[in-house]
Structures are given as C-alpha cells and as structure tokens.
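*Asks:* Sequence:
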Amino acid sequence: MKTRGLRGGVAACCSVLATLLTPAYGASCPPISQGQPIDAWGDSLTTGTPGIGGLPGTWPYQLSVLLGGRTVRNFGVSGQVSESIAAREGALVARVSVEGGEVPVDGPIPVTVTNHLSIPGAGAGDVHGTLDGIPGKLAYTANYHHIFVRDTPGASPSSVPADSPFIVDDHRCDVSVIWAGRNDVSAGQTTHTVDNIARIAARIDAGRFIVLSITNSVGEERGTPGYATVTALNRALAARFPHNFIDIRSALIAHANMSDANQRNREADVVPVSLRIDNLHLNASGYRVVAEQVAGFVNRRGW
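In the working numbering, the protein residues as written are 1 to 303.
Calculated directly from the structure, the hints in this document are not laboratory data.
Since this is a predicted model, take the numbers as computed values, not measurements.
Beta carbons are placed, not taken as given, at the ideal position from N, Cα and C, and that holds for glycine.
Some hints here could point you the wrong way.
Claimed, not checked - Here are the simulated distance ranges between beta carbons:
| no. | residue 1 | residue 2 | range |
| --- | --- | --- | --- |
| 1 | 145 | 187 | 38 to 46 Å |
| 2 | 99 | 232 | 19 to 27 Å |
| 3 | 50 | 143 | 23 to 31 Å |
| 4 | 274 | 240 | 14 to 22 Å |
| 5 | 206 | 112 | 35 to 43 Å |
| 6 | 259 | 296 | 43 to 51 Å |
| 7 | 33 | 263 | 24 to 32 Å |
| 8 | 243 | 219 | 27 to 35 Å |
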C-alpha cells in the first residue's frame with residue numbers, strides 16, 4: 001500500500017525528486033554545536049496524515065516541542081520510496097535537459113529529467129537547488145510535466161547543456177533523522193533500500209544522523225512474508241548503523257496497552273491499534289512515541 005500524506009504549514013515540507021545516479025557534495029560545515037536544525041526525511045509517516053490533529057500531531061512538530069522549540073524541518077513526502085527521499089536530500093543527483101537548451105529570462109521552462117527521476121505524483125511540491133549554476137526550483141506540474149523556474153529574472157536567457165546536474169540545497173550540516181523504506185516494502189522494491197539510506201547518512205556531517213526502523217503493517221504480522229521482509233531490512237539497518245539506529249517499530253509495540261486488541265497486536269508483533277489511525281499510519285499518540293525516542297537519542301548524544 002502507498003502511504004498518504006498531509007501537506008503544508010509550520011514544519012515546511014520539502015518535495016519531489018528521485019532516482020538519480022551521481023553523489024552530491026557540499027561545502028565544509030561549521031564546528032559542531034548543539035541546537036542546529038533537525039531535518040526529518042521520510043514519507044507520509046513523517047509528513048503526517050489526516051486524522052492526527054494537523055501538524056501538531058506529526059512527530060517532527062512534537063519533537064520540536066520536546067526539544068524546547070528547536071527548529072525541526074519536516075521533509076516528508078507522501079508515497080516516496082527510499083530512492084526518492086535520497087534524491088531530495090541530495091545523496092543522488094538528477095540530470096536535467098532544458099527544452100530548447102536555455103533557461104528564459106523569467107518564468108517556467110519545461111525540462112526532462114534524463115536519468116529517470118521518480119516522482120510520487122503531481123502536486124507533491126518542488127525542490128530548490130541550482131541548475132548549471134542557476135538558482136531555482138525543479139517542480140512537477142499538475143499535468144505531469146517537469147519544469148524549472150529560476151529564482152530571479154536574468155539579464156538574458158541562460159544556455160544550459162543537456163544532462164546538466166540539478167544540485168539540491170545542502171542540508172548536510174544539520175542533524176538528520178531518516179525514516180525511509182516503508183514504501184519500498186509496499187512496492188516490493190527493497191533491493192537497494194539499505195544502500196539508499198546509507199547514501200543519505202554518508203552525506204551528514206560528523207555522523208549526526210538517526211535511522212529509524214521500518215514498521216510493519218496489518219497483514220504483515222509475525223509469520224507472513226511481509227513480516228520477514230521488514231524484519232530482515234531492520235536487521236540490516238541495525239548492523240549498518242549500530243550507533244545511529246532506533247528500533248522504533250519495537251518501541252511502538254512496547255507501548256501496547258492491556259486491551260485485548262492491543263495484546264493481540266503485541267502477540268502478532270505489529271504496532272498496536274491504539275497507536276494507529278489505519279493499518280499502517282500512526283495517530284498523534286503513536287507519533288508522540290516516535291518524537292520521545294528521537295528526543296532522547298538527540299539529548300544523549302548532545303546534538
């Protein structure tokens with residue numbers, strides 16, 4: 001099943017990018033200091049879903065509250081697989097050809113993402129960066145076309161070579177929380193999930209990143225193929241990131257109450273119904289558990 005999302009508001013959502021092939025690099029980061037922004041990279045489990053009370057119900061918002069109002073940026077986009085999330089973060093780079101070979105003085109220009117960018121759907125937003133040195137936004141329109149819009153008018157049209165890299169804004173100096181892979185499981189595309197997450201982690205300065213485990217859905221209880229897939233991925237993530245991993249799936253299950261339904265969920269090793277709004281997505285109480293786990297990790301590490 002595809003995860004779905006709630007958009008807009010205080011914890012600004014990012015947007016749209018996917019399957020790319022070339023690593024991106026940025027400038028040196030300032031010295032480590034506590035209180036730098038925290039970036040929440042993920043899908044609809046991060047951006048939030050209807051029925052949780054709006055943005056205050058999301059885990060990035062609740063994390064900000066727990067950390068005394070610290071800036072936590074919600075970079076969740078509904079429906080995205082790990083490859084798309086890695087692309088938005090800049091761990092993978094889109095190659096873009098501009099219609100007619102030049103960006104106009106002002107306004108949008110149709111473009112083609114030549115290395116098969118995967119987008120979750122029209123209206124998912126845009127991504128800011130530079131195209132051949134021109135600051136602007138790469139967007140996906142309502143009629144399923146890609147466009148580039150420069151930030152400020154130019155003195156004249158700007159020639160752009162075919163297959164130019166679109167370099168997204170650099171967030172690697174922030175603390176990053178990576179919650180990716182759930183849609184990979186739903187799509188049956190898990191071969192590169194761990195590597196995609198590792199690409200994001202490798203870009204983050206001074207190892208200040210957290211990887212959250214993948215949750216299993218109703219229908220993926222203990223003994224099912226889906227359960228085997230999720231738990232195998234989580235074992236691989238825990239082994240790959242032994243000092244930066246939170247088993248959020250187990251933490252959520254441990255918060256089951258004593259009701260019969262919750263105890264059945266606990267026995268099946270799936271997130272309890274008291275913390276969900278549907279078969280997969282969490283409610284505000286479930287996201288509170290996520291926020292508490294992340295806040296505790298950040299505080300222990302002095303980030």
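*Asks:* Hint compliance check: list the failing hint numbers for this structure, sorted ascending.
*Replies:* 1, 2, 4, 6 and 7
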